[in-house]
Amino acid sequence: MTWIADVLLLIGAAFLFLGALGLWRMPDVYTRLQAGTKAVTLGSVAMLIGVGIERPDWWPKLLLITLFILLTSPLGSSTVARAARVIGQRPWRAGDAKETP
Amino acid sequence: MRVLQIAALVLLGASLVLLLLRLWAGPSRADRLVAADAFSVLAIPGLAWLALYLEQGIYLDVALVYGALAFVGVVTVARVLEGGHRDLDR
Amino acid sequence: MHIETSPINDSSLPAWRRLALATVLGWAIWTLMTGSLGWQELLAGLLVAALVSFLAAPQLALLDGLIVRWSLPWHALRYLAVFLAALLRSNLDMARRVLSPALPIRPEIVRVPTRMRSDFGRLLLANSITLTPGTLTVDLEDDMLEVHWIDVGEESDREQRTQAIARYFEDYLLEFVE
Numbered sequence: 001m002t003w004i005a006d007v008l009l010l011i012g013a014a015f016l017f018l019g020a021l022g023l024w025r026m027p028d029v030y031t032r033l034q035a036g037t038k039a040v041t042l043g044s045v046a047m048l049i050g051v052g053i054e055r056p057d058w059w060p061k062l063l064l065i066t067l068f069i070l071l072t073s074p075l076g077s078s079t080v081a082r083a084a085r086v087i088g089q090r091p092w093r094a095g096d097a098k099e100t101p
Numbered sequence: 102m103r104v105l106q107i108a109a110l111v112l113l114g115a116s117l118v119l120l121l122l123r124l125w126a127g128p129s130r131a132d133r134l135v136a137a138d139a140f141s142v143l144a145i146p147g148l149a150w151l152a153l154y155l156e157q158g159i160y161l162d163v164a165l166v167y168g169a170l171a172f173v174g175v176v177t178v179a180r181v182l183e184g185g186h187r188d189l190d191r
Numbered sequence: 192m193h194i195e196t197s198p199i200n201d202s203s204l205p206a207w208r209r210l211a212l213a214t215v216l217g218w219a220i221w222t223l224m225t226g227s228l229g230w231q232e233l234l235a236g237l238l239v240a241a242l243v244s245f246l247a248a249p250q251l252a253l254l255d256g257l258i259v260r261w262s263l264p265w266h267a268l269r270y271l272a273v274f275l276a277a278l279l280r281s282n283l284d285m286a287r288r289v290l291s292p293a294l295p296i297r298p299e300i301v302r303v304p305t306r307m308r309s310d311f312g313r314l315l316l317a318n319s320i321t322l323t324p325g326t327l328t329v330d331l332e333d334d335m336l337e338v339h340w341i342d343v344g345e346e347s348d349r350e351q352r353t354q355a356i357a358r359y360f361e362d363y364l365l366e367f368v369e
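Protein chains in written order, with my numbering: chain A, 1 to 101; chain B, 102 to 191; chain C, 192 to 369.
Just chain A, same shape as in the assembly (with noise of 0.2 Å):
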């Protein structure tokens, strides 16, 4: 059974990476956040459960904590979006340049 928990804590940490990936390859702010929530959350979730199928005996507050990054971690991006726009960051259109750091 601990080969299947191993390879969705893989799995989990390939989504973190593809999301920390999009996020520096993004062009603008919402982009990188809709890179980032989405497999930031997946990932982490993936890992959790690898982890609570490697202990079982773990799996309340396992459970607690996959709950409140699901409740928590879409609400941060969208608290970052909007004050991204309340401070006036354009959205990026096709055609734009890419933001140069």
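Simulated from the structure, these hints should not be mistaken for lab results. The beta carbon of each residue, even a glycine, is placed where N, CA and C say it ideally should be. Each hint should be verified, as a subset may be incorrect.
Claimed, not checked - Selected chain A positions facing chain B (in silico; Cβ < 8 Å):
#1 G12
#2 R32
#3 G36
#4 I65
#5 T72
What the hints assert, rightly or not - Restraint ranges, calculated between C-beta atoms of paired labels, are given here:
#6 B:G114 x C:L238: 40 to 46 Å
#7 B:G114 x C:A235: 37 to 43 Å
#8 C:P295 x B:Q157: 16 to 22 Å
#9 B:G184 x C:A272: 36 to 42 Å
#10 B:A115 x C:L242: 41 to 47 Å
#11 A:I4 x C:L253: 22 to 28 Å
#12 C:S291 x B:L122: 16 to 22 Å
#13 B:L122 x C:R269: 37 to 43 Å
#14 A:T2 x C:P264: 27 to 33 Å
#15 C:E366 x B:G184: 23 to 29 Å
#16 B:G114 x C:S347: 42 to 48 Å
#17 C:A276 x B:A169: 37 to 43 Å
Starting from the structure of chain A, add chains B and C where the hints point.
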């Protein structure tokens, strides 16, 4: 299958490096906050990984409390960014 | 259809309803935290949850949006399943975009009306939209959501597809939140 666990850790570390790059590069404050937000969420599965590796369930409590505090922190900084542009009480 | 028209669905909700909901919720969190079903833990948890709920009740208006009936857990679980499936789809979609060298995106911010009436319902809807393929909730004002859409696609039938962003989840959400 320790090797898979280590591979997961390496990917996690690589993600943190990419996020640090975004944090450093910006260019706007909102971009940095995006990176910090992702960073704070990433720390939760990282701590869960640590709990598994060290076989210490207490790290799950650390993850939960850390997650709660980091969330409040990100929301606060976002609100501060909005600061002068819109009333805070809505 | 809804035979159970208790005072729960009235606009003037009794104060005890919020208190009871918060207590049950707090108790569930307590039990998950302790991970034990011993009667001492359960009793202590109930007392603490009731006390905290009593003190925090004025701040917990969020809970008034829940539609309390026996099928609530079933509807909530079904929503969770739909939500997780959408999360998986959105990740595959995003992985495709991030990994392709050309970065195939065409973003735009659109306005989407919502049918959710309560704050809690709007919160859940906004979160769901953020985690589904290609969309991110940017702002929420009354019954209008501002949604950043990573690929608006072609001009034709865009209006309809915009409406569909919210409607998909609303159908599930409206079963247990207002």
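Going through the hints against the structure:
1. The closest approach between the C-beta of G12 (chain A) and any C-beta of chain B is roughly 6 Å, which is under the 8 Å cut-off, so the hint is satisfied.
2. Nearest Cβ of chain B to the Cβ of R32 (chain A): about 5 Å, under the 8 Å cut. The hint holds.
3. Hint status for G36 (chain A) relative to chain B: holds, with the closest Cβ pair at about 5 Å, below 8 Å.
4. Annotation: I65 (chain A) was flagged as interfacial toward chain B, and the flag holds, the nearest CB pair being 6 Å apart, inside 8 Å.
5. Annotation: T72 (chain A) was flagged as interfacial toward chain B, and the flag holds, the nearest CB pair being 5 Å apart, inside 8 Å.
6. Our hint of 40 to 46 Å for G114 (chain B) and L238 (chain C) holds, since their Cβ atoms are close to 44 Å apart.
7. Remark: the range hint 37 to 43 Å for G114 (chain B) to A235 (chain C) is upheld by a beta-carbon distance near 41 Å.
8. In this structure the hint that P295 (chain C) and Q157 (chain B) lie 16 to 22 Å apart at CB is violated, the actual value being about 44 Å.
9. Hint check: G184 (chain B) to A272 (chain C), Cβ distance near 40 Å, so the stated range 36 to 42 Å holds.
10. Our hint of 41 to 47 Å for A115 (chain B) and L242 (chain C) holds, since their Cβ atoms are close to 46 Å apart.
11. The supplied range of 22 to 28 Å is broken by I4 (chain A) and L253 (chain C), whose beta-carbon atoms lie about 37 Å from each other.
12. Between S291 (chain C) and L122 (chain B), the C-beta spacing of about 21 Å keeps the proposed range 16 to 22 Å intact.
13. At about 41 Å, the CB distance of L122 (chain B) to R269 (chain C) agrees with the hint of 37 to 43 Å.
14. Range check, T2 (chain A) to P264 (chain C): Cβ separation about 32 Å, and the 27 to 33 Å hint holds.
15. E366 (chain C) and G184 (chain B) have their C-beta atoms about 39 Å apart, which leaves the hinted 23 to 29 Å range violated.
16. At roughly 46 Å, the beta carbons of G114 (chain B) and S347 (chain C) sit within the given window of 42 to 48 Å.
17. Checking the proposed 37 to 43 Å range against A276 (chain C) and A169 (chain B) shows it is violated: the Cβ atoms sit about 27 Å from each other.
Checked against the numbered hints above, the structure breaks hints 8, 11, 15 and 17 and satisfies the rest.
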